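Undergrad: Sequence:
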Amino acid sequence: MRLLLINPNTTQSMTEAMTTVARQIASQQAEIVPVTARTGFPYISSRAEAQIAGAAVLDTIASHQSDVDAVIIAAFGDPGLTAARELFDLPIVGMAEAAVMSAAMLGERFSVVTFSPHMSRWYSDCVHQTGLGARFTGVRCPVTAPDTLENVATALRQDLIDLARDAVALDGADVVIMGGAPLAGLAPVIAWDAPGILVDPIAAATLQALALLRLAPSYDNRTNRPLHKTSTGLGTELTAVIAGEKT
Numbered sequence: 127m128r129l130l131l132i133n134p135n136t137t138q139s140m141t142e143a144m145t146t147v148a149r150q151i152a153s154q155q156a157e158i159v160p161v162t163a164r165t166g167f168p169y170i171s172s173r174a175e176a177q178i179a180g181a182a183v184l185d186t187i188a189s190h191q192s193d194v195d196a197v198i199i200a201a202f203g204d205p206g207l208t209a210a211r212e213l214f215d216l217p218i219v220g221m222a223e224a225a226v227m228s229a230a231m232l233g234e235r236f237s238v239v240t241f242s243p244h245m246s247r248w249y250s251d252c253v254h255q256t257g258l259g260a261r262f263t264g265v266r267c268p269v270t271a272p273d274t275l276e277n278v279a280t281a282l283r284q285d286l287i288d289l290a291r292d293a294v295a296l297d298g299a300d301v302v303i304m305g306g307a308p309l310a311g312l313a314p315v316i317a318w319d320a321p322g323i324l325v326d327p328i329a330a331a332t333l334q335a336l337a338l339l340r341l342a343p344s345y346d347n348r349t350n351r352p353l354h355k356t357s358t359g360l361g362t363e364l365t366a367v368i369a370g371e372k373t
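In the working numbering, the protein residues as written are 127 to 373.
Wrong hints could be hidden among the right ones.
[Said to hold, decoys possible] Below, computed lysine to any residue pairings styled on SDA-like, alpha-carbon distance capped at 20 angstroms: (1) K372 with E175; (2) K372 with T162; (3) K372 with A337; (4) K372 with Q155; (5) K372 with F214; (6) K355 with A181; (7) K372 with R211; (8) K355 with A209; (9) K355 with A369; (10) K372 with T358; (11) K372 with S357; (12) K355 with L338; (13) K372 with N350; (14) K355 with D215; (15) K355 with S344.
[Unchecked claim] Using C-beta positions, here's what the derived DEER-type ranges look like: (16) R247 with Q284: 33 to 43 angstroms; (17) T356 with P321: 49 to 59 angstroms; (18) S153 with L232: 18 to 28 angstroms; (19) P268 with R348: 41 to 51 angstroms; (20) S192 with R149: 19 to 29 angstroms; (21) G361 with L232: 35 to 45 angstroms.
None of these hints come from the bench; they were simulated from the model. If you're wondering where the values come from, they're calculated on a predicted model, not measured in any experiment. The C-beta atom is built at its ideal place from N, Cα and C for all residues, glycine as well.
The task is simple: from the sequences and hints, build the whole structure.
TA: Below, the structure written as structure tokens:
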């Protein structure tokens with residue numbers, strides 16, 4: 127099995143960190159095929175940026191779909207997730223959705239801890255889109271954003287532990303999601319120091335992609351396919367998918 131791991135951010139080091147986690151989880155069960163966005167932003171931190179990144183995600187899936195068995199959208203806001211599921215006949219997992227669904231199975235109430243206040247409202251939106259908002263205690267983040275994303279998980283390690291502690295002690299969460307691509311791999315590192323059950327989103331996404339492949343879903347009788355139509359200015363592969371020439 128081959129899992130396409132798409133980093134919609136343009137920062138290669140984030141792709142490498144998430145790929146390391148995904149490969150540890152997949153072990154011998156699947157090959158991880160990492161791809162970093164060629165256009166967009168070093169790190170997506172708003173709804174507008176996510177909309178732009180979503181188009182790049184669709185283009186990337188269209189270019190690789192014949193060579194992979196499932197897709198992981200490796201950005202916490204899941205840019206392009208719903209549209210990708212509408213267009214392509216293979217399991218597609220969003221990092222945020224996978225983390226939220228996993229958190230809901232691990233405890234009664236959950237929180238998201240991240241490294242910047244800029245993502246707070248957007249991340250909250252992502253949780254509510256899953257339909258699990260009633261079990262969500264909120265987003266905990268530093269008051270100010272870090273000056274750089276380089277080694278942010280290491281630089282803010284104690285701050286993130288303290289935020290997880292607040293999420294549990296003050297908000298009533300019993301599961302804490304470490305949200306954001308730069309925090310990939312942090313959850314198991316700080317698990318002994320932070321209260322509650324910690325969830326690493328890319329680990330959750332990898333496991334859920336493998337689970338969906340084991341389910342072997344059939345797409346033959348899908349009812350939500352969009353109408354086929356011509357388009358202008360899109361990539362060759364995505365143009366063919368939208369025109370119904372390739373699924």
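Undergrad: Give a verdict on every hint.
TA: Comparing the hints with the structure gives:
{"no.": "1", "hint": "K372 with E175", "result": "28 angstroms, violated"}
{"no.": "2", "hint": "K372 with T162", "result": "23 angstroms, violated"}
{"no.": "3", "hint": "K372 with A337", "result": "26 angstroms, violated"}
{"no.": "4", "hint": "K372 with Q155", "result": "28 angstroms, violated"}
{"no.": "5", "hint": "K372 with F214", "result": "9 angstroms, holds"}
{"no.": "6", "hint": "K355 with A181", "result": "17 angstroms, holds"}
{"no.": "7", "hint": "K372 with R211", "result": "15 angstroms, holds"}
{"no.": "8", "hint": "K355 with A209", "result": "15 angstroms, holds"}
{"no.": "9", "hint": "K355 with A369", "result": "5 angstroms, holds"}
{"no.": "10", "hint": "K372 with T358", "result": "17 angstroms, holds"}
{"no.": "11", "hint": "K372 with S357", "result": "14 angstroms, holds"}
{"no.": "12", "hint": "K355 with L338", "result": "30 angstroms, violated"}
{"no.": "13", "hint": "K372 with N350", "result": "16 angstroms, holds"}
{"no.": "14", "hint": "K355 with D215", "result": "18 angstroms, holds"}
{"no.": "15", "hint": "K355 with S344", "result": "24 angstroms, violated"}
{"no.": "16", "hint": "R247 with Q284: 33 to 43 angstroms", "result": "25 angstroms, violated"}
{"no.": "17", "hint": "T356 with P321: 49 to 59 angstroms", "result": "55 angstroms, holds"}
{"no.": "18", "hint": "S153 with L232: 18 to 28 angstroms", "result": "21 angstroms, holds"}
{"no.": "19", "hint": "P268 with R348: 41 to 51 angstroms", "result": "43 angstroms, holds"}
{"no.": "20", "hint": "S192 with R149: 19 to 29 angstroms", "result": "22 angstroms, holds"}
{"no.": "21", "hint": "G361 with L232: 35 to 45 angstroms", "result": "39 angstroms, holds"}
The structure does not agree with the numbered hints 1, 2, 3, 4, 12, 15 and 16 stated previously, though it agrees with the rest.
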